[in-house]
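Protein chains in written order, with the working numbering: chain A, 1 to 299; chain B, 1 to 299.
Bear in mind the hints are in silico, worked out from the structure with no lab data behind them.
Hints may contain errors.
Said to hold, decoys possible - As a list, the in silico BS3-like pairs of lysine-lysine whose alpha-carbon atoms are at most 25 Å apart:
no.: 1; chain 1: A; residue 1: Lys203; chain 2: B; residue 2: Lys283
no.: 2; chain 1: A; residue 1: Lys288; chain 2: B; residue 2: Lys216
no.: 3; chain 1: A; residue 1: Lys4; chain 2: B; residue 2: Lys4
no.: 4; chain 1: A; residue 1: Lys129; chain 2: A; residue 2: Lys144
no.: 5; chain 1: A; residue 1: Lys43; chain 2: A; residue 2: Lys78
no.: 6; chain 1: B; residue 1: Lys80; chain 2: B; residue 2: Lys155
Stated by the list, open to error - Computed far set for chain B versus chain A, every beta-carbon distance over 10 Å:
no.: 7; residue: Val49
no.: 8; residue: Gly81
no.: 9; residue: Lys153
no.: 10; residue: Lys160
no.: 11; residue: Gly219
As the list claims (entries may be wrong) - Ranges between beta-carbon positions, derived for each pair:
no.: 12; chain 1: A; residue 1: Val261; chain 2: B; residue 2: Ala185; range: 32 to 40 Å
no.: 13; chain 1: A; residue 1: Thr101; chain 2: B; residue 2: Arg255; range: 41 to 49 Å
no.: 14; chain 1: B; residue 1: Pro134; chain 2: A; residue 2: Arg255; range: 50 to 58 Å
no.: 15; chain 1: A; residue 1: Val261; chain 2: B; residue 2: Met218; range: 36 to 44 Å
no.: 16; chain 1: B; residue 1: Pro134; chain 2: A; residue 2: Glu32; range: 44 to 52 Å
Note that beta-carbon positions come from the ideal geometry of N, C-alpha and C, so glycine has one too.
The primary structure of each chain is shown beneath.
2 protein chains.
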Amino acid sequence: MFDKIVECVPNFSEGRDLEVIQKIIAPFIKTEGAKLLDYMPDKDHNRVVVTVIGEPKAVAQALIEAAGIAIENIDMTKHKGGHPRMGAMDVVPFIPIKNMTMDEAVALSKEVAEELSKLYDLPTYLYEKAAASPARENLANIRKGEFEGFKEKIKEPLWKPDFGPSEIHPTAGATVVGARMPLVAFNINLNTNNIEIANHISKCIRHISGGFRFVKAMGVELTEKGIVQVSINMTDYSKSALYRIFETVKFEAARYGVQIVGSEIIGLTPMEALVDTAKYYLKLNEFKMDQVLEYRLLE
Amino acid sequence: MFDKIVECVPNFSEGRDLEVIQKIIAPFIKTEGAKLLDYMPDKDHNRVVVTVIGEPKAVAQALIEAAGIAIENIDMTKHKGGHPRMGAMDVVPFIPIKNMTMDEAVALSKEVAEELSKLYDLPTYLYEKAAASPARENLANIRKGEFEGFKEKIKEPLWKPDFGPSEIHPTAGATVVGARMPLVAFNINLNTNNIEIANHISKCIRHISGGFRFVKAMGVELTEKGIVQVSINMTDYSKSALYRIFETVKFEAARYGVQIVGSEIIGLTPMEALVDTAKYYLKLNEFKMDQVLEYRLLE
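Only chain A is shown next, with the shape it has when bound in the complex (with noise of 0.2 Å):
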């Protein structure tokens, strides 16, 4: 059936005017081979953030015309909302899923940017994996300034757009788009009320201070529970794996006499993660995602 799967998450920075969120995500929903899994508008960031999934072509062709509704529907001159922003599409990741490389993605990518700045006269960056040096791999370094201080940023030489012309587009700004791997939101909860030992163990797996690769962590609070969660979002499960890192916590976690009492993943995740959890646990060492039945439906 699908051949190869993309996901694609766009950021369209419009939260209010639903008459517009609708207009924007209708390709999503009539293209053969793209489906969109939802979309959530936010009214204080004034932004919808848009998941779909599908076949690369299909998916690729879907934002594109999504896109031009966006451009022809947002006038960024007149946006304000809480979040950081400098395009009517502001950003556009693609994720892969299924028969996929990062290379493909990544190729994809490229071709969409290059497409989206020929058709609609658009300056477009390329992030992550996509990004041409290592001072563009971050969203948030190309981003600053945002729609009112791209105006001038984006003369500058260092941050000549990947394709499109090198001034913003008037009403639609400028889009960011790239690859990267599928994020896992994870959630460790433990049997105390001491943040501290939730910070400490954030730090223990983390990459910014000496943990994992793939790994960002902090401690929170849960007051109603009255216990502490160490909240994990997993940027590459496929090289730091789910298991690795709940067995990490488990065992900082008892230096301190706490154990894990449970733990959540917010929103969706790739089946390889839990199917690589499972491997691990039971010493499956040799089981192939193929032998999934609902995986071979998809192909």
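Once you have looked at the hints, place chain B on chain A.
Frame of chain A; chain B shown alone:
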């Protein structure tokens, strides 16, 4: 894409004539909404096991068409093979995979059996979860006597078919149709060559000797590897969970100072069997299947 998903594993009494086999499987390939996952002709058994999956209506329609082709092309009066059999299309289990209750799978199997009898003047029996009485739950009970013996057996009041005439189809015999849970073939390897330990553990976990309700198990020697295996058939992973069997084998082995060194799943498994395992070990107590990205694609 698929609201409900059913799996169907029909067994046809032809394992040698590949031309006939191609004709029989053609409906599973061409029917929209059905997907042929596998077919395994066995020359010694003179039998082919077909695995197909998809929308219940599409799968049922393809199955009925394939049955007609099998009846037309297989002459049981000339059939020889090492496997017990009573009909050209010998047995047809329907297995609920997604958004489908066992009751719905039972209803589907009854509809199909009735339709087969009507269309092809074929006696059909219902077995497993679709059985009208406990005596008909077990396939081996129904099939006893095989094609040759069925000429007489079918006339006994006790063996009156559930649908169709009380005499066998002259060349196609009779067919058994029913519904069951997916089977998971799960083997656990131990770091000992003592088969008695594998046999003892098998007895601890299997239903027949006091173990888990939906577990069949036996000890097997892996002579090349110089170890033994607990070879398990999980007949309902949703009630006798994989992780529970694994942990039980682990603690039973421990009394002999023996450890689990690996495990394997042979063939296909529903995603849920592995997601349940990951949920247990990660204490992911609130996790829902529709948080799995690929699962959403099947909607």
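Here is how each hint holds up against the structure:
| no. | hint | result |
| --- | --- | --- |
| 1 | Lys203/A with Lys283/B | 22 Å, holds |
| 2 | Lys288/A with Lys216/B | 24 Å, holds |
| 3 | Lys4/A with Lys4/B | 23 Å, holds |
| 4 | Lys129/A with Lys144/A | 19 Å, holds |
| 5 | Lys43/A with Lys78/A | 15 Å, holds |
| 6 | Lys80/B with Lys155/B | 24 Å, holds |
| 7 | Val49 | 15 Å, holds |
| 8 | Gly81 | 28 Å, holds |
| 9 | Lys153 | 36 Å, holds |
| 10 | Lys160 | 36 Å, holds |
| 11 | Gly219 | 18 Å, holds |
| 12 | Val261/A with Ala185/B: 32 to 40 Å | 34 Å, holds |
| 13 | Thr101/A with Arg255/B: 41 to 49 Å | 47 Å, holds |
| 14 | Pro134/B with Arg255/A: 50 to 58 Å | 56 Å, holds |
| 15 | Val261/A with Met218/B: 36 to 44 Å | 38 Å, holds |
| 16 | Pro134/B with Glu32/A: 44 to 52 Å | 49 Å, holds |
In the structure shown, no violation is registered for any of the earlier numbered hints.
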